Amino acid sequence: MNTLALRNPIKTPTGAVLLALAALLLLGGAVNSQFFSPTYLLLQLQSGAFLGVIAAGATLVILLGHIDLSVPWTLTVAATVATAVARAKGGAWAELGPLAGIAAGALIGLLNGVGVAYLRIPSLIWTLAVNTILLGAVAFHAGNTVISSEPSPIMAALGAGRSFGVLPNAVLVWVAVSVLVVWVLRRTLMGRYIYAVGTREVAAHMSGIDTRRVILGAFVASGVCSAIAGLLLAGYAGQSYQRMGDPFLLPGIAAVVVGGTSILGGRGRYGGTVAGVLLITLMSSMLSLMHVPEAVKQICYGLVIVVMVGLYSRRQAG
Amino acid sequence: MNNDYLQLIGVSKRYGGITALSDVCFSAARGSIHAILGENGAGKSTLMKTLAGVVRPDTGAVRLDGRELRMTGPAQALDEGIVCIFQELSLVPHLSVAANICLANPPRNRLGLIDARRQNEMAREALARIGCERQIDLRERCIDLPLSQRQIVEIAKAVVRRPRVLILDEATSALTAEDVEKVMRLLRTLREEGTCVLFISHRMHEVDALADTCSVFRNGEHVSTFAAGTKPHEEIVRLMIGRPIAQVYPPKPAPLPASVQPYLQVSGLRSGTQLKGVELSVRPGEIVGLGGLDGQGQRELMLALAGLLRDARGEIRIGAQTTPPDGPRGGKREGYRMALIPEDRKTEGLMLAQSVHDNLGVSALDRISRFGVVDHAAEQALVAELVKTLQIKAPDTRVAVSTLSGGNQQKVVLAKWLATQPRLLLLMDPTRGVDVGTKQEIYRLFRDLAAKGLAILFYSTDCDELIGLCDRVLVMYDGQVRASLAGATLTEEQILMNAMNLGRGDAPAHTRRVRAGALEYAA
Amino acid sequence: MNAASLHLRHHARTLLALGLLGVLLLAFLAIHPRGASAAVLTAWSNQGVALALVAIGQTLVVLTSGIDISIGAIMALSNCVASTLVQGDPTQVALGVAAVLLVGTLCGVTNGLIIVYARIQPIVATLATGTIYTGIALLVRPTPGGEVDAGLSDAMTGTLGDLVPTSLVVLGLVVLLVWEPLRRSLTGRTLFALGSAEQAAYMSGLSVDRAKIVAYATAGLFAAMGGLFLGFQTASGDAAIGLPYTLNSVAAVVLGGAALSGGAASVLGTIAGAFLLRTIGSLMFFTGVPPLAQPLFEGLVLICAVALGATRLLRIRNRLEIFR
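Residue numbers (the numbering used here), protein chains in the order written: chain A, 101 to 418; chain B, 263 to 785; chain C, 1493 to 1816.
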């Protein structure tokens, strides 16, 4: 964090991603001038917002050296709960829906945190198991039909609406979440403890930090972020549906590592994650514009991760 | 005798701003036992790593039997016949003893697969050369063996390769006296067979018993080489630290009046098989030492006091509290105001990859923050003050703490806890791996803290240190405090006798055999 | 300490997994409407072999304290290649099979090279290559379809001598011919060393880089075998089947008693774990558990198996041990 090596902005991972982002924008504009239109860019920001909120929570968990694979179904459960409650209550009480959804996300995060921090089960396998249970629970409860549900007015407004007719609200939510995450990481005790625990948990413990609560907190935050993304998505799509979380499992992690955060923990900045989200979103949409088949999109996506992270690793080593 | 069998010519190595080896010219003879002496930071381990192929020197060359060696990694060094036994053991925990002994060069059958039967034979043979074939079961996994047996396996692993050059770094630190004898016999046999043996030790009695030649290193430079026995110990130590041994310890104050109540009081402390009813007390203003042979419960006692041993039973009073705290975090609370300095600073004491600044502030951060928000200005001020008070030498507080020397790293660990303004300081061997100059500063610091009213409990494996620094020394044996020595009774002989559970008049024949009694120049 | 109790201690988790599998298999055979017969056993075996093969590959990687998130994608890619090339006259079929295995191995080698030379953490590297291999699979087979030689498929999914499922025999042969020699070689030993003491292995002169690449390459080979077998079962190729297999392979490895931190894993245990997962699924089907509840049960089983690892905490006296 404060280490000397990160002084030069161009040489940092965040700098590298931003450079790549700029290159991508220029390339995109050269291929198709529609790329530079504000409407198009705002649309990209909107679709990036969902991934962005998820990646914010993922950043906290990955900084600890852990991983949260329960994102897809936490998102879905939160959205399902929120829309079901909103539909059931109706009227002004419909806003209990999103509250319930966020509470669900927090609870799932708590379950994740307890397993990892207190039961000391590797996060990869525990969050995977939790994800499977959530899948099972929803499948069992909902059957094969879409649950009668609808998003609450606020959800719809945030997910699909725009402020001043132009700025997507989802982006505003992303910005708000980002500001909060940056503030936590830079200015609060929790943020400093996250970096310490991610660097070396036993030393952090011996320095008087309650490492288990830090881990718990980060997983709860990740759960809440997944829930918020679910609420936004449901608002955007007008409903919640069973596979809504699937596209977000790996991209969430990819955005964070492409942004320069080390998967081993202790190193990385949130700015990098934001740049990573933008890079992934822009690249994906640019390829769509060029009518590139899904297969090639996937390949490009993987190559970008290898190249960016490989660059960081070489810099670390050399 | 080929005096230049192994040669280093003009070898230098720098790590960032630190010079580990500076234009070293050194040679060792075939069929000899050559001791390498020096304080920590003198360059001994870098020297070894260079010979072992782990580290590539910036300049200079290594020659074996006249031929220059180009080593890109440990595999090449091993091929050349240079085998190194490091302090951090290189055994694979889940593999068997036999597999570990023949780890990288197992015998193979016609299909190219490992021949388990011949491997067992080879392993048995290697253990027999040391004389330990009956003690160790070849099929056991190394993770299930005690440390002393693991060290034997490590030595067997080196022996099986029939080395031309054998290098040992504190290879006998955990061995029983009997096994140390066996290893010494082995080394002498190897010498007869023509192996060039280099060993790093800070136990002078071992050096006296084994070495033909001694070399002293200081600050990365090769200072002197001489035949063993031709220089008295005082001169050797002077060569090692570069100046005559000045009075290292600050003067002790008069004993405290009896009316001062203890801050720490322990009674009937039991835990597992290591603590069997410990009684002790420490008063504010006292520096109490904890001595005795290794493994008599000193570590467990410290952990129990910090609340890290689940099954600890008995009475522990700290201040007004009657139960131990809930780990280091609980120890920070107002009722305890306790700080534990852990044994291994690299893995438990510091977040090595983080900056000096971050490490210094971490324990006291909650004190200088409000509602969970850190006051950056206050933190900067705190860090600056800590650096000044403890005289921590670092180019900038933003560098990674891993770049600091051992002594300065230890200062960071101490400073971080001193920032929490403790009333009780528990220290687990704090001066291990610290150079003499920094040690002096740390001793003075402890004395000043005691004068300000801190209660200090100080575990050390260094007899000299215990006698020089502490007001009282508690000698532990087999999970209990066997004696409390102070004033006239605080002597090396008394510490040793109690450490070995001997009554008066049972003075052991070779007191120097015992670790606690050894003169330790570089911990 | 005699040899028997020593072995018991070292392989406790594996034996537990095998024992549990035995119990569940008996329950399954008892419950099945057609009772205990070679046909039922064959169907059961066929259900589990594909996952078992992929899980073996994952075991090798976990042994080195790595993980292969692309293993399902390699399987899918192999499956798609199989649905394109394993057709025609016997020579073409043989070449097709060889091509499938080669593709998987090459993917694995690529993984190994990226991890070793680009120095990217296994989880990130294989996450990236997984998407690349899925993309290639989509290019080979954009929509599920194709065909796999009927004769070979029938043979592989059939019964040997009306007694033993062919797939089990093949699985056994594969383990014997590929894993056993690897395990007893120096590279195999290096794999075990890598997981628990990589630095020690390096200092002892073992070739750590080569071993890692071999681990991932062999994992790719096993994934290809899994994809090939799936082709025999379904007679088609599908690029999207990868992710569940990746996740289940990790689950099988954990159920089989391996430590995700490396150094201690057993192929036999993993095979037991893979079949356990499938058997539980089948048991639920035949005991009338509503199909919609089955994923929930599978998740619960996984959670319980994984929580078993937490019981070691109860035995810990020194609280610092929990961090190791």
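Rather than coming from a laboratory, the hints here were simulated on the basis of the structure. Hints may contain errors.
[Unchecked claim] Footprint (simulated), chain C over chain B, 3 or more residues, beta carbon under 8 Å:
1. 393-403
2. 626-632
[Said to hold, decoys possible] Looking from chain A toward chain B, a few residues come up when the C-beta cut is under 8 Å (computed):
3. L289
4. A304
5. S307
[Unchecked claim] Partial list, derived from the structure: chain B residues whose beta carbon lies under 10 Å from chain C:
6. Q338
7. L357
8. G534
Since this is a predicted model, take the numbers as computed values, not measurements. Note that the Cβ used here is the ideal one computed from N, Cα and C, for glycine as well.
Taking the hints in turn, this is what the structure says about them:
{"no.": "1", "hint": "393-403", "result": "holds (count 4)"}
{"no.": "2", "hint": "626-632", "result": "violated (count 0)"}
{"no.": "3", "hint": "L289", "result": "5 Å, holds"}
{"no.": "4", "hint": "A304", "result": "7 Å, holds"}
{"no.": "5", "hint": "S307", "result": "5 Å, holds"}
{"no.": "6", "hint": "Q338", "result": "8 Å, holds"}
{"no.": "7", "hint": "L357", "result": "6 Å, holds"}
{"no.": "8", "hint": "G534", "result": "6 Å, holds"}
Against the hints set out earlier in the document, a violation occurs for number 2 only.
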